[in-house]
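Visitor: Read top to bottom, the protein sequences are chains A and B. For the first sequence, the numbering used here gives the first residue as 14, with consecutive numbering after it. For the second sequence, the numbering used here gives the first residue as 144, with consecutive numbering after it.
It cannot be assumed that every hint is accurate.
Below 30 Å or equal to it, Euclidean Cα-Cα: the simulated DSS-like pairs (lysine-lysine) are [as the list claims (entries may be wrong)]:
| no. | chain 1 | residue 1 | chain 2 | residue 2 |
| --- | --- | --- | --- | --- |
| 1 | B | K228 | A | K223 |
| 2 | B | K148 | A | K255 |
| 3 | A | K397 | A | K307 |
| 4 | A | K223 | B | K215 |
| 5 | B | K168 | B | K180 |
| 6 | B | K180 | B | K228 |
| 7 | A | K223 | A | K206 |
| 8 | B | K168 | B | K231 |
| 9 | A | K223 | B | K176 |
| 10 | A | K20 | A | K223 |
| 11 | A | K20 | A | K307 |
| 12 | A | K213 | B | K147 |
| 13 | B | K231 | A | K223 |
| 14 | B | K147 | B | K168 |
| 15 | A | K255 | A | K207 |
| 16 | B | K147 | B | K180 |
| 17 | B | K148 | A | K213 |
Chain B is nowhere near these chain A residues, computed Cβ spacing over 10 Å in every case [claimed, not checked]:
| no. | residue |
| --- | --- |
| 18 | D22 |
| 19 | D68 |
| 20 | Y111 |
| 21 | D202 |
| 22 | V342 |
Hints listed in this document are in silico derivations from the structure and should not be mistaken for laboratory results. All C-beta atoms in this analysis are idealised placements derived from N, C-alpha and C, irrespective of residue type, glycine included.
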Amino acid sequence: MMAGITKIDLARTGNEAMAYAMKQVNPDVVAAYPITPATEIVQLFAQYVADGEVDTEYVPVESEHSAMSACIGSSAAGARTMTGTSSQGLALMYEMCYIAAGLRLPIVMADVNRALSAPINIHCDHSDTMGMRDAGWIHIFSENAQEAYDNMLQAVRIAEHESVRLPVLVTTDGFIISHGMERVATLPDDEVKKFIGPFKPGTMLLDVAKPITVGALNFTDFYFEHRRALVDAQAASVAVIKQVGREFGQKYGTAYDCIEPYQLADAEYAIVALGSTCGTAKVVIDQLRAGGVKAGMLKIRVFRPFPAAEIAAALAGKKSVAVLDRSDVLGGFGGPVFTEVRSALYQKPNAPLLADYIYGLGGREIDMEMIGSVFAQLQDGTAKPDSVQYLGVRD
Amino acid sequence: MSLKKYQDLALGGNIERGGTAVDFKTGDWRSLKPVYKPENCIHCLFCWAYCPDSAVHVADGKMAGFDLDHCKGCGICAHECPGKKGAKAIVMEPEVK
Chain A
14 MMAGITKIDL ARTGNEAMAY AMKQVNPDVV AAYPITPATE IVQLFAQYVA DGEVDTEYVP
74 VESEHSAMSA CIGSSAAGAR TMTGTSSQGL ALMYEMCYIA AGLRLPIVMA DVNRALSAPI
134 NIHCDHSDTM GMRDAGWIHI FSENAQEAYD NMLQAVRIAE HESVRLPVLV TTDGFIISHG
194 MERVATLPDD EVKKFIGPFK PGTMLLDVAK PITVGALNFT DFYFEHRRAL VDAQAASVAV
254 IKQVGREFGQ KYGTAYDCIE PYQLADAEYA IVALGSTCGT AKVVIDQLRA GGVKAGMLKI
314 RVFRPFPAAE IAAALAGKKS VAVLDRSDVL GGFGGPVFTE VRSALYQKPN APLLADYIYG
374 LGGREIDMEM IGSVFAQLQD GTAKPDSVQY LGVRD
Chain B
144 MSLKKYQDLA LGGNIERGGT AVDFKTGDWR SLKPVYKPEN CIHCLFCWAY CPDSAVHVAD
204 GKMAGFDLDH CKGCGICAHE CPGKKGAKAI VMEPEVK
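Modelling step: build the complete structure from the supplied sequences, incorporating the hints.
Guide: As structure tokens, then:
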């Protein structure tokens with residue numbers, strides 16, 4: 014705890030923590046449509062609106078496509094804008110998500126990771142957000158409710174930074190984080206207000222003194238350049254994500270970065286994972302370490318922009334590494350995290366053996382024994398290079 | 144004309160001034176063109192009010208011809224024109240005969 018700032022410990026689920034962060038941000042507009050397991054985020058926020066605890070214009074729309082459309086209109090008008098969704102809802106937003114990024118609108122969205130149909134399922138995997146990994150958004154994964162809260166506050170700063178101006182997606186794992194209650198250390202309202210600062214829109218349709226056109230048609234002569242500018246914005250966000258994460262640490266005690274190594278420096282065997290599984294893996298690693306196994310983990314917090322160089326450097330020299338993918342690329346070569354980590358390591362000196370384990374689809378349990386079995390396969394050589402295995406499926 | 148590099152473009156492809164629709168000549172889409180018959184015109188300006196492309200010129204409160212750079216030839220003006228004694232002041236004619 015830093016001098017002068019008293020954190021307030023609250024018992025909160027991931028959804029409650031994200032809704033509470035949104036309340037403290039007090040955005041100008043929230044447009045949303047409820048969906049399991051993210052319903053509570055917008056439901057609790059609607060309650061804050063009804064109780065007069067925020068100044069937000071709340072737009073209850075008729076679909077997620079409309080929710081993101083309304084967010085785009087609101088953000089382009091010059092309003093600080095947030096929303097939340099999950100799974101099929103996010104999939105229904107995909108079309109508009111590309112537009113939000115292309116128009117450089119700093120919308121912040123809470124997504125509770127949930128599997129995509131079919132078969133219909135309401136439980137956790139990362140298929141929904143991986144479906145928009147090319148949309149131009151910044152993607153931040155959370156390991157627990159505390160990180161979800163902290164990430165939501167930082168997302169506002171990152172999205173609105175003048176060298177970024179991109180929408181940011183903050184995710185939690187469906188039910189595991191969204192409905193699991195934890196102790197969450199929260200900041201006082203005025204401290205959040207100070208941390209995020211006033212909104213300075215880059216695009217402001219409602220400024221009648223400066224008329225602008227948003228969303229103009231680009232033909233062969235300009236489209237490529239505007240897409241190229243998005244690449245730079247993603248790249249520029251790296252320094253901002255790091256700076257905001259450092260500042261958060263200096264002020265409130267917990268620093269954040271794009272990746273989080275755990276017992277990785279001297280590790281011989283490592284896993285790469287996202288989200289809540291990292292918490293379980295830390296316990297497994299502690300047990301393995303106690304037994305003399307040099308086990309470690311690389312947690313990817315920021316999936317977009319993908320921290321390729323940092324990942325390659327962090328994994329260089331390891332004997333073997335397993336990527337844990339909580340979604341699959343059907344017809345592809347391994348899960349989305351594997352393919353990108355493998356790409357990051359290709360042609361790098363001292364690249365480790367890399368294997369992919371696809372797990373946890375549709376909320377299938379991942380427990381300590383399963384993570385332990387992955388480490389065992391890394392050690393005994395049954396994890397073959399470039400192999401893609403399905404962990405926990407009946408076969 | 145040399146076009147701007149990507150680094151020099153406005154945020155998000157925004158166009159940072161107003162009234163830019165006039166720069167985009169849409170008149171070449173036209174297959175029918177409006178032909179003005181001043182002898183039948185009562186200067187009611189229905190054509191001006193209804194034109195979706197602001198392609199009707201008005202001078203001193205009177206109909207003053209068409210902006211054929213932007214007129215798409217939709218024919219709304221001719222449809223709305225009350226004319227004089229049953230004779231239209233605007234008739235649509237094919238661009239290519």
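Visitor: Does each hint hold? Answer for all of them.
Guide: Verification of the supplied hints:
no.: 1; hint: B:K228 - A:K223; result: violated (48 Å)
no.: 2; hint: B:K148 - A:K255; result: holds (29 Å)
no.: 3; hint: A:K397 - A:K307; result: holds (19 Å)
no.: 4; hint: A:K223 - B:K215; result: holds (29 Å)
no.: 5; hint: B:K168 - B:K180; result: holds (25 Å)
no.: 6; hint: B:K180 - B:K228; result: holds (13 Å)
no.: 7; hint: A:K223 - A:K206; result: holds (28 Å)
no.: 8; hint: B:K168 - B:K231; result: holds (27 Å)
no.: 9; hint: A:K223 - B:K176; result: violated (35 Å)
no.: 10; hint: A:K20 - A:K223; result: violated (42 Å)
no.: 11; hint: A:K20 - A:K307; result: violated (36 Å)
no.: 12; hint: A:K213 - B:K147; result: holds (26 Å)
no.: 13; hint: B:K231 - A:K223; result: violated (42 Å)
no.: 14; hint: B:K147 - B:K168; result: holds (21 Å)
no.: 15; hint: A:K255 - A:K207; result: holds (19 Å)
no.: 16; hint: B:K147 - B:K180; result: violated (45 Å)
no.: 17; hint: B:K148 - A:K213; result: holds (26 Å)
no.: 18; hint: D22; result: holds (40 Å)
no.: 19; hint: D68; result: holds (26 Å)
no.: 20; hint: Y111; result: holds (12 Å)
no.: 21; hint: D202; result: holds (31 Å)
no.: 22; hint: V342; result: holds (30 Å)
Hint violations for this structure: numbers 1, 9, 10, 11, 13 and 16, all remaining hints satisfied.
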